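Listed below, chain by chain, are the residues.
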Amino acid sequence: NAGVTQTPKFRVLKTGQSMTLLCAQDMNHEYMYWYRQDPGMGLRLIHYSVGEGTTAKGEVPDGYNVSRLKKQNFLLGLESAAPSQTSVYFCASKTSGDYNEQFFGPGTRLTVL
Amino acid sequence: AQSVTQPDIHITVSEGASLELRCNYSYGATPYLFWYVQSPGQGLQLLLKYFSGDTLVQGIKGFEAEFKRSQSSFNLRKPSVHWSDAAEYFCAVVLNSGYSTLTFGKGTMLLVSP
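Top line first, the protein sequences correspond to chains A and B. Residue 83 in our numbering sits at position 83 of the first sequence, with consecutive numbering throughout. Convert by adding 113 to the 1-based position in the second sequence; the result is the number in our numbering.
Hints are computed from structural coordinates only; laboratory data are not their basis. Heads up, a few of these hints could be off.
What the hints assert, rightly or not - Capping the alpha-carbon separation at 25 Å, the derived lysine-lysine pairs in BS3-like fashion look like this:
1) K57/A with K174/B
2) K174/B with K162/B
3) K219/B with K9/A
4) K57/A with K9/A
Being a predicted model, the structure only gives us computed values, none of them experimental.
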């Protein structure tokens with residue numbers, strides 16, 4: 001079991017460029033989440049999905065889009081990157097039930113110049 | 114709205130000493146509470162969780178936490194800290210029941226001195 005994996009691990013973009021971050025999980029989890037982590041801010045929820053084909057906005061969704069075409073994958077897109085999107089991005093997944101933990105990937109460090 | 118407060122940004126503890134990391138939450142009903150740990154350059158790992166029952170919960174790596182409804186707190190403790198415990202610790206509460214979205218505190222960085 002690989003758990004939750006994220007691709008790529010590091011990326012540098014120029015302002016205005018686009019990219020997609022891939023999250024994959026092999027635990028057959030229904031729920032998946034994208035967070036960003038900034039110094040002193042903790043983790044903030046960007047978007048989430050409670051099943052294949054469904055997505056919803058979190059706390060900080062502006063500038064991001066997501067898709068969940070397959071149950072095991074959750075993609076995070078930046079259409080036109082901005083320096084404010086420089087951050088570490090984490091994906092997580094879980095089974096249904098509020099008492100069940102979220103399992104986190106190792107993160108993607110993104111720098112936008 | 115629900116929120117989570119971790120009052121201490123940094124804490125330094127001597128190796129072998131006891132540890133308590135504070136977490137306060139605001140929520141009307143009994144919350145689902147979690148403590149996660151993040152080692153440098155790593156993702157988050159669950160230490161323990163609480164959702165009902167015994168208010169003292171045991172976790173991995175020798176950690177425990179106590180839920181105190183009267184104080185709206187869920188403090189993390191460890192009787193004897195090891196150098197490998199140096200990491201950032203996050204308290205979190207379920208924000209949206211049904212979708213299980215989490216609200217995280219801003220984290221407490223634990224430094225362990227020799």
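Violated hints - listed by number, lowest first: 1
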